[in-house]
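With these hints in hand, go ahead and build the complete structure from the sequences.
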Amino acid sequence: MESRLAVIFKQFLEHKIAMVGALIILFLAFIAIFAPYIAPHDPIEINLKERLLSPNGEYPLGTDNLGRCVLSRIIYGTRVSLRIGIMVVGITSAVGIALGMMAGYYGRTLGEIIMRIVDIMLAFPGIILALAIAGALGPGLFNVMIALAIIGWTGYARVVRGVVLSIKEREFVESARSLGASDFYIISRHILPSCVAPVIVLATLGMANVILAAAALSFLGLGAQPPTPEWGSMLNGGRAFMRTAPHLTTFPGLAIMVTVLAFNFLGDGLRDALDPRLKEKVIER
Amino acid sequence: MFIVALGVTIMTFSIMHFAPGDPAEMIAIARYGTEDVSQEEIDWIRAQEGLDAPVHIQYLRWLNHVLHGDLGRSLITGESVLTEFLLRFPATLKLAIASMIVSLLIAIPIGIISATKQYSVTDNVSMIGALIGVSMPNFWLGLLLMLLFSLYLGLLPVCGYGDGDIKHMILPAITLGTGMAAIITRLTRSSMLEVLKQDYITTARAKGLREKVIICKHALKNALIPVVTVIGLQFGWALEGAVIVETIFAWPGVGKLLVDSIFARDFAMIQGCVLFIAVIFVLVNLMVDISYAYLDPRIRYEKEGR
Numbered sequence: 001m002e003s004r005l006a007v008i009f010k011q012f013l014e015h016k017i018a019m020v021g022a023l024i025i026l027f028l029a030f031i032a033i034f035a036p037y038i039a040p041h042d043p044i045e046i047n048l049k050e051r052l053l054s055p056n057g058e059y060p061l062g063t064d065n066l067g068r069c070v071l072s073r074i075i076y077g078t079r080v081s082l083r084i085g086i087m088v089v090g091i092t093s094a095v096g097i098a099l100g101m102m103a104g105y106y107g108r109t110l111g112e113i114i115m116r117i118v119d120i121m122l123a124f125p126g127i128i129l130a131l132a133i134a135g136a137l138g139p140g141l142f143n144v145m146i147a148l149a150i151i152g153w154t155g156y157a158r159v160v161r162g163v164v165l166s167i168k169e170r171e172f173v174e175s176a177r178s179l180g181a182s183d184f185y186i187i188s189r190h191i192l193p194s195c196v197a198p199v200i201v202l203a204t205l206g207m208a209n210v211i212l213a214a215a216a217l218s219f220l221g222l223g224a225q226p227p228t229p230e231w232g233s234m235l236n237g238g239r240a241f242m243r244t245a246p247h248l249t250t251f252p253g254l255a256i257m258v259t260v261l262a263f264n265f266l267g268d269g270l271r272d273a274l275d276p277r278l279k280e281k282v283i284e285r
Numbered sequence: 001m002f003i004v005a006l007g008v009t010i011m012t013f014s015i016m017h018f019a020p021g022d023p024a025e026m027i028a029i030a031r032y033g034t035e036d037v038s039q040e041e042i043d044w045i046r047a048q049e050g051l052d053a054p055v056h057i058q059y060l061r062w063l064n065h066v067l068h069g070d071l072g073r074s075l076i077t078g079e080s081v082l083t084e085f086l087l088r089f090p091a092t093l094k095l096a097i098a099s100m101i102v103s104l105l106i107a108i109p110i111g112i113i114s115a116t117k118q119y120s121v122t123d124n125v126s127m128i129g130a131l132i133g134v135s136m137p138n139f140w141l142g143l144l145l146m147l148l149f150s151l152y153l154g155l156l157p158v159c160g161y162g163d164g165d166i167k168h169m170i171l172p173a174i175t176l177g178t179g180m181a182a183i184i185t186r187l188t189r190s191s192m193l194e195v196l197k198q199d200y201i202t203t204a205r206a207k208g209l210r211e212k213v214i215i216c217k218h219a220l221k222n223a224l225i226p227v228v229t230v231i232g233l234q235f236g237w238a239l240e241g242a243v244i245v246e247t248i249f250a251w252p253g254v255g256k257l258l259v260d261s262i263f264a265r266d267f268a269m270i271q272g273c274v275l276f277i278a279v280i281f282v283l284v285n286l287m288v289d290i291s292y293a294y295l296d297p298r299i300r301y302e303k304e305g306r
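Chains A and B, in that order, give the protein sequences.
Residue numbers for the first sequence, in the working numbering: 1 to 285.
Residue numbers for the second sequence, in the working numbering: 1 to 306.
Simulated from the structure, these hints should not be mistaken for lab results.
Heads up, some of the hints might be wrong.
[Claimed, not checked] Quick partial rundown of chain B residues pointing at chain A, CB under 10 Å, derived from the structure:
1) Ile15
2) Ile128
3) Leu143
4) Leu144
5) Phe149
6) Leu151
7) Tyr152
8) Leu156
9) Pro157
10) Arg265
[To be verified] Derived contacts from chain A toward chain B, CB cut-off under 8 Å, selection only:
11) Val95
12) Met115
13) Arg116
14) Ala208
15) Ala216
16) Ala245
17) Pro246
In this text, a Cβ means the ideal position worked out from N, Cα and C, and glycines have one as well.
Listed below in structure tokens is the structure:
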């Protein structure tokens with residue numbers, strides 16, 4: 001086991017792109033945690049005398065239409081986006097693992113029901129359903145999280161079920177069972193560890209997708225509400241001033257892209273290191 | 001298939017019930033355009049819309065209407081949801097097809113070049129480029145393109161449909177096509193790499209055929225089969241992306257219709273749009289499955305064997 005971990009770790013280190021992704025994520029986490037110490041200004045303080053300023057010494061990325069410091073808002077926005085990502089991915093992966101495990105381990109009826117529900121969810125293009133649910137629940141970050149959680153668990157459930165089905169019949173599980181091991185023991189000791197690798201890959205790429213989707217919903221006006229500094233809603237707010245203040249439509253988008261890219265880089269590298277078989281399958285959704 | 005279809009209708013029907021508060025009151029507010037509605041009006045709407053019945057009866061009634069092609073009327077304008085959707089759909093279809101063309105034009109050449117020169121600088125750059133393409137928020141790309149081509153260079157109209165001419169279509173199609181291109185590039189590359197390992201390629205090389213002929217004639221045909229399947233997924237992607245791209249570029253398609261209905265809290269319209277989009281998505285995927293089996297007969301045997 002030691003040596004296998006070492007091999008994985010070595011492969012990971014050699015994967016330069018994944019390392020770049022990991023470093024960017026660490027940097028973002030640092031910014032999110034120490035936002036109050038890094039941000040030069042209060043992100044929600046309105047200062048109408050200094051509205052729509054271009055980037056300058058005092059405001060490195062300029063100010064928005066209410067005179068708020070764009071850099072500070074982007075820095076605090078890191079908190080918002082990472083929090084949404086972590087919460088939604090945490091919930092969806094937990095639910096997805098549990099349901100996938102049940103579908104794979106406990107026989108036909110329950111498994112069939114769960115997989116049919118997955119099929120039904122997959123009949124909708126994801127964002128469309130999230131948009132409709134978030135729209136029905138009403139604007140707000142929490143509602144966006146609920147909507148993304150409702151659509152997000154299917155990927156985990158499918159992958160975990162696949163892993164469970166392929167392992168369930170293997171000799172070591174059979175022998176554990178014949179030795180009288182309980183279901184709980186078999187699941188937690190033999191089956192769960194095999195799911196870890198694909199789930200980590202899915203979760204990393206899931207962070208990228210969730211952050212992007214949440215920003216998109218906020219951009220449409222459903223997610224973060226003023227004055228919350230959220231990247232998507234900042235872009236939306238900047239749209240009206242595109243001609244006179246193009247910095248409002250460039251920098252927040254750059255922040256979204258760098259964050260999403262970092263998680264995609266890392267996820268790609270992890271997939272190559274942990275589970276080459278998953279290759280090319282995950283990115284499609 | 002049947003169960004999935006039934007599930008889709010249940011899911012769509014439930015959307016309205018995700019909303020907090022009394023549906024009758026929401027309809028009243030939407031219809032009269034004011035928060036100030038009396039209890040009598042709400043009760044009248046409740047009775048008229050059949051909202052006093054238990055939920056499952058409401059669902060069956062709604063399903064019955066849907067199966068007869070009646071998706072109800074917009075709560076705001078009173079127009080038939082079906083008519084409105086069909087009126088808007090061609091614009092979205094046009095945009096989706098244009099963006100697919102854009103994405104294929106970008107993706108297939110780059111995918112082929114990457115595969116033939118695996119691990120070269122070109123390959124690495126295009127693979128990183130593909131990841132950037134996936135990570136690029138399409139709403140941001142749309143704004144940047146608008147900024148550059150419409151506001152600074154003045155080459156293209158900022159937004160709108162015009163009369164559906166190419167000029168108005170270029171920016172939305174590129175915006176929507178870029179993300180798709182990224183995925184197809186990766187797929188073309190990996191599938192091409194797979195094919196190039198096959199024996200018949202070695203045979204072709206041994207015959208002394210030129211590399212160009214081998215790639216374009218022998219390898220490409222087989223390498224593109226998996227790409228066909230992605231077209232279904234891609235269509236779903238286009239419908240998703242259309243929601244945002246149409247909103248940015250004021251493109252009068254179903255994506256914009258859906259977003260507008262959400263902000264107007266026009267639930268009949270939302271349900272209609274979501275249901276329709278899901279049906280189209282499922283049908284496209286079904287067609288892709290069928291064409292895939294047709295293109296690659298091995299698939300059928302594999303499925304039977306399972």
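Under the criterion of a CB-CB separation shorter than 10 Å, is B:Phe149 in contact with chain A as hinted?
B:Phe149 check fails; min Cβ-Cβ to chain A is 13 Å, beyond 10 Å.
So, A:Met115 near chain B? Judge it on the closest CB pair being under 8 Å.
Nearest chain B Cβ about 10 Å off; hint violated.
B:Pro157 was flagged as interface toward chain A. Is the shortest Cβ-Cβ separation under 10 Å?
Hint violated; B:Pro157 Cβ to chain A Cβ min 14 Å, cut 10 Å.
Using the nearest Cβ pair, does A:Ala245 come within less than 8 Å of chain B?
11 Å, violated
Does the nearest C-beta of chain A fall within a distance shorter than 10 Å of the C-beta of B:Arg265?
8 Å, holds
Should the hint that B:Leu144 touches chain A count as held when the rule is a Cβ pair under 10 Å?
Because about 7 Å separates B:Leu144 from the closest Cβ in chain A, which is inside the 10 Å limit, the hint holds.
If you take the shortest Cβ to Cβ gap from B:Ile128 to chain A, is it below 10 Å?
7 Å, holds
Was the hint right that B:Leu156 lines chain A, CB cutoff 10 Å?
15 Å, violated
Tell me if the interface restraint on A:Arg116 is satisfied: Cβ within less than 8 Å of some Cβ in chain B.
Holds, because the Cβ-Cβ distance from A:Arg116 to chain B comes to roughly 5 Å (cut-off 8 Å).
Identify whether the interface hint at A:Ala208 stands, where standing means a beta carbon of chain B within less than 8 Å of its own.
Given a least distance of 7 Å, the restraint on A:Ala208 holds.
At a threshold of 10 Å, is the proposed contact between B:Leu151 and chain A supported by beta-carbon distances?
6 Å, holds
Checking hints one by one. Is A:Pro246 an interface residue toward chain B, by the C-beta closer than 8 Å rule?
It holds, given that the least Cβ distance between A:Pro246 and chain B is near 6 Å, below 8 Å.
In terms of the numbered hints stated before, the structure departs from hints 5, 8, 9, 11, 12, 16, listed from lowest to highest.
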